[in-house]
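Each residue of the sequence shown is one higher than the one before, starting from 260 at the first, in the working numbering.
If you are wondering where the hints come from, they were derived from the structure by calculation, not from laboratory data.
There's no promise every hint is true.
Per label pair, the in silico range of CB-to-CB distance [said to hold, decoys possible]:
#1 N318 to L347: 32 to 38 Å
#2 L335 to A392: 20 to 26 Å
#3 V310 to Q457: 55 to 61 Å
#4 G367 to W309: 27 to 33 Å
#5 A524 to Q457: 36 to 42 Å
#6 L356 to E437: 51 to 57 Å
#7 G468 to A524: 54 to 60 Å
#8 L347 to T445: 53 to 59 Å
#9 L396 to M314: 35 to 41 Å
#10 L513 to Q457: 22 to 28 Å
#11 L356 to A308: 23 to 29 Å
#12 L380 to G359: 42 to 48 Å
#13 L396 to S326: 48 to 54 Å
Heads up, the beta-carbon is just placed ideally off N, CA and C, and yes, glycines get one too.
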Amino acid sequence: MAEPITIVPDEVLTGEAVALDVQPLGFFLRALGALIDVLVAVIVTLLLAWVSGWMLGQNVVDPSASSILSILVIVLVTVVLPTTVETLTRGRSLGRLAVGGRIVRSDGGAAGFRQALIRALVGVLEIWATLGAVALLVGAFTPRSQRLGDLLAGTYSQRTRTPALPPNAPLLPARLDEWSRVADVTRLPDRLARRCAQFVRQADRMEPGARTRQAALLAEEVRAFVAPVPHVDPETLVRGAIAVRRDREYRALLLEDERVRGLLARTSTVPRGFPER
Numbered sequence: 260m261a262e263p264i265t266i267v268p269d270e271v272l273t274g275e276a277v278a279l280d281v282q283p284l285g286f287f288l289r290a291l292g293a294l295i296d297v298l299v300a301v302i303v304t305l306l307l308a309w310v311s312g313w314m315l316g317q318n319v320v321d322p323s324a325s326s327i328l329s330i331l332v333i334v335l336v337t338v339v340l341p342t343t344v345e346t347l348t349r350g351r352s353l354g355r356l357a358v359g360g361r362i363v364r365s366d367g368g369a370a371g372f373r374q375a376l377i378r379a380l381v382g383v384l385e386i387w388a389t390l391g392a393v394a395l396l397v398g399a400f401t402p403r404s405q406r407l408g409d410l411l412a413g414t415y416s417q418r419t420r421t422p423a424l425p426p427n428a429p430l431l432p433a434r435l436d437e438w439s440r441v442a443d444v445t446r447l448p449d450r451l452a453r454r455c456a457q458f459v460r461q462a463d464r465m466e467p468g469a470r471t472r473q474a475a476l477l478a479e480e481v482r483a484f485v486a487p488v489p490h491v492d493p494e495t496l497v498r499g500a501i502a503v504r505r506d507r508e509y510r511a512l513l514l515e516d517e518r519v520r521g522l523l524a525r526t527s528t529v530p531r532g533f534p535e536r
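Make a model of the complete structure from these sequences and hints.
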């Protein structure tokens, strides 16, 4: 019997039952993007109102149709414009481009016209009629910062800007090549290893005096968990211990991966109903 698939809140299950790790846009970033879109809509409204006033003043339009023009401007700004922009840009807008977000379906697919229209119609109530109070209240208590329009349309705002890649792992100092073959760093505590790794990543940006003092303090702690202790300066010792630990953990992961692949290959070759001897 197949094991049930557990999906965490930040995962999306595709049609092939593959869980994708996705990151929804945070509440404050989404609120900032919405504020930018609202400001743009207000500017467009003022521009259209000025054009409508000019048309009425020049008798281009019958003055009795002023109320109709006002309704058209409101519908255009609150429903037609956001629906069109989201449909054509696949869930983006000026505010979402600024904060790095995009509206997608709950399954991770691109949102279409139906989702954009539902969001725009509900937005008339939760954004414009209540000055955003309903959207802020609902978004603050939903896992993906979804507003009411998202819940009804089955959408949420996905983060589109990926974080920067971590810097390259520090290499083993050349003078410790022979030492690394016999060094024992298995007793190095994880917390100390993380502190040493952070120091190695930031060492080039530190002031010389602070860099020397920090290296000496870390090396003093590292010596208690490393055997044999090489006769090198403190920073070289820290760099060497971290590099050896990292390389051995990486090799262990590769061996474990090969072992799992071998077990899977053997299992796939055994006919059903005939246990392997």
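Hint says 54 to 60 Å; check whether the CB-CB distance for G468 and A524 agrees. Because 56 Å falls inside the window, the suggested range holds.
CB of N318 to CB of L347, is that within 32 to 38 Å? holds (35 Å)
Given a hint of 36 to 42 Å, does the C-beta separation of A524 and Q457 actually sit inside it? Since the Cβ atoms of A524 and Q457 sit about 40 Å apart, the hinted range of 36 to 42 Å holds.
23 to 29 Å as the expected CB spacing between A308 and L356, which holds or is violated: Cβ of L356 to Cβ of A308: about 26 Å, so the range 23 to 29 Å holds.
35 to 41 Å as the expected CB spacing between M314 and L396, which holds or is violated: holds (39 Å)
CB of V310 to CB of Q457, is that within 55 to 61 Å? Given about 58 Å between the Cβ atoms, the range holds.
Can you tell me whether the CB distance of L380 to G359 sits inside 42 to 48 Å? At 26 Å between Cβs, range violated.
Taking the CB of L335 and the CB of A392, does the distance hold inside 20 to 26 Å? holds (24 Å)
Does the hinted range 53 to 59 Å hold for L347 and T445 at CB? holds (58 Å)
That 22 to 28 Å hint for L513 and Q457 (C-beta), does it hold up? holds (25 Å)
Taking 27 to 33 Å as the stated bounds, is the beta-carbon spacing between G367 and W309 within them? violated (42 Å)
So the hint says 48 to 54 Å: do the beta-carbon atoms of L396 and S326 match that? Since the Cβ atoms of L396 and S326 sit about 33 Å apart, the hinted range of 48 to 54 Å is violated.
Hint check: violations occur at hints 4, 12 and 13; the rest are consistent with the structure.
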